[in-house]
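Student: Starting from the known structure of chain A, fit chain B onto it as the hints suggest.
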Amino acid sequence: GAGVSQTPSNKVTEKGKYVELRCDPISGHTALYWYRQSLGQGPEFLIYFQGTGAADDSGLPNDRFFAVRPEGSVSTLKIQRTERGDSAVYLCASSSGQGTRQYFGPGTRLTVT
Amino acid sequence: GQNIDQPTEMTATEGAIVQINCTYQTSGFNGLFWYQQHAGEAPTFLSYNVLDGLEEKGRFSSFLSRSKGYSYLLLKELQMKDSASYLCAVRGNAGNMLTFGGGTRLMVKP
Numbered sequence: 001g002a003g004v005s006q007t008p009s010n011k012v013t014e015k016g017k018y019v020e021l022r023c024d025p026i027s028g029h030t031a032l033y034w035y036r037q038s039l040g041q042g043p044e045f046l047i048y049f050q051g052t053g054a055a056d057d058s059g060l061p062n063d064r065f066f067a068v069r070p071e072g073s074v075s076t077l078k079i080q081r082t083e084r085g086d087s088a089v090y091l092c093a094s095s096s097g098q099g100t101r102q103y104f105g106p107g108t109r110l111t112v113t
Numbered sequence: 001g002q003n004i005d006q007p008t009e010m011t012a013t014e015g016a017i018v019q020i021n022c023t024y025q026t027s028g029f030n031g032l033f034w035y036q037q038h039a040g041e042a043p044t045f046l047s048y049n050v051l052d053g054l055e056e057k058g059r060f061s062s063f064l065s066r067s068k069g070y071s072y073l074l075l076k077e078l079q080m081k082d083s084a085s086y087l088c089a090v091r092g093n094a095g096n097m098l099t100f101g102g103g104t105r106l107m108v109k110p
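Chain order of the listed sequences is A and B.
Heads up: the first sequence begins at 1 in the numbering used here, then just goes up one per residue.
Heads up: the second sequence begins at 1 in the numbering used here, then just goes up one per residue.
Hint data in this document are derived by calculation from the structure and do not stem from the laboratory.
Think of the CB as a built atom: it goes at the ideal place given N, C-alpha and C, for glycine as much as any other residue.
One or more hints might be untrue.
Chain B is faced by these chain A residues, among others (derived, beta-carbon under 7 Å) [as the list claims (entries may be wrong)]: (1) Tyr18; (2) Gln41; (3) Gly42; (4) Pro43; (5) Phe65; (6) Arg101; (7) Phe104; (8) Gly105.
Between beta-carbon pairs, the in silico distance windows are [stated by the list, open to error]: (9) Glu56/B x Gly16/A: 48 to 58 Å; (10) Met80/B x Thr7/A: 28 to 38 Å; (11) Pro8/A x Thr8/B: 42 to 52 Å; (12) Val74/A x Thr44/B: 42 to 52 Å; (13) Lys81/B x Glu83/A: 14 to 24 Å; (14) Gln79/B x Gly3/A: 44 to 54 Å; (15) Arg66/B x Pro70/A: 18 to 28 Å.
Covered by chain A, per the in silico footprint, the following chain B stretches (three or more residues, Cβ under 8 Å) [what the hints assert, rightly or not]: (16) 36–44; (17) 97–103.
So that you can see chain A by itself, here it is in the shape it has in the complex:
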C-alpha cells in the first residue's frame, strides 16, 4: 500500500521567505510527527499530532514554525521568515496510534539561500 508521502521533495527559498511543507500520512493513521534532520545528524523531534490536535509541540524551535492538521489527515508545516539555519531535511512520520511503530516519509530537503 501507499506509504507516507511528502511534497515537495526539494525546496529552495530565499532568506526571509515563507514556506509550506506538506505531509500525507498512511491512510487511517491517527498519529503524525514532524522531525528535522541536519546533515550527518539524527532526526530531531518538532511536533506530534494525535488526530487534529497538536499533542506535543515542544520541539518547535521558535514561533516562526507552525504546523496544522485540520482534518486529521494531511499536515502542513509552515515556516515564516526563513533563515539559513532552517536548511535541513524535514521528515514526516505517521503511526496507527500512540505507542506504535512510526513510518517515515522520504522528507523534504529545504535549502534557504
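Tutor: Relative to the frame of chain A, chain B by itself:
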C-alpha cells in the same frame, strides 16, 4: 531530557558480523528503536525492544539492557546493501515522540 550516544562511523567487511552500540540517558523509557537510513532516503524500521534481552529477526538482532541504558544492533552476514546509517531512538514516558542518536554510518567493503 534524553541523551543518546552511538559511534559516528564503522567499517566492516562483506560477509562479516558487526555490532553497533547505543547508550542512552533518559528521564523516562518506553522502548528503544533501531532504524536504517540509506543516503537521501527515509528511515526504515528495523527493530523494537522494550524488555531486556535479545530480539532476533533474520540477519538483524537487537539487544537491550535497561539497567545499563545500553542497546546494540547486530548485523550478520553483511551485504554491500547494508551500507547505510543506523539510527538508535528512544521513546520516553512524556509522549510518543522519538529521541534519536546521531546515527552510525556503516560502510561495508568487499
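Student: Against this structure, judge whether each hint is valid.
Tutor: Hints versus structure:
Checking Tyr18/A against chain B by beta carbon gives a least distance of about 26 Å; that is not within 7 Å, so the hint is violated. Below 7 Å, beta-carbon pairs count as interface contacts, and Gln41/A has one with chain B at about 5 Å; its hint therefore holds. Given the 7 Å rule on beta carbons, the hint for Gly42/A holds: about 3 Å separates it from the nearest Cβ of chain B. Below 7 Å, beta-carbon pairs count as interface contacts, and Pro43/A has one with chain B at about 5 Å; its hint therefore holds.
This hint is violated: Phe65/A has a C-beta 15 Å from the nearest C-beta of chain B, more than the 7 Å allowed. Hint status for Arg101/A: holds, given a least beta-carbon distance of 5 Å to chain B, under 7 Å. Annotation: Phe104/A was flagged as interfacial toward chain B, and the flag holds, the nearest CB pair being 4 Å apart, inside 7 Å. Restraint check, Gly105/A versus chain B: the minimum CB separation of about 6 Å is within 7 Å; hint holds.
As the Cβ distance of Glu56/B to Gly16/A is approximately 52 Å, the hint placing it in 48 to 58 Å holds. At roughly 32 Å, the beta carbons of Met80/B and Thr7/A sit within the given window of 28 to 38 Å. About 30 Å separates the C-beta atoms of Pro8/A and Thr8/B, a value inconsistent with the hinted range of 42 to 52 Å. Between Val74/A and Thr44/B the C-beta distance comes to about 22 Å, which lies outside the given range of 42 to 52 Å.
Separation of Lys81/B from Glu83/A is about 37 Å and departs from the stated range, judged on CB atoms against 14 to 24 Å. Distance hint check: the CB atoms of Gln79/B and Gly3/A are about 23 Å apart, inconsistent with the given range 44 to 54 Å. Taking 18 to 28 Å as the suggested C-beta distance range, the pair Arg66/B and Pro70/A does not conform, at roughly 39 Å. With 4 residues carrying a beta carbon less than 8 Å from a beta carbon of chain A, the segment 36–44 of chain B meets the three-residue requirement, and the given coverage holds.
Here's how the segment 97–103 of chain B fares: 7 of its residues keep a CB closer than 8 Å to some CB of chain A, so the rule of at least three is met and the hint holds.
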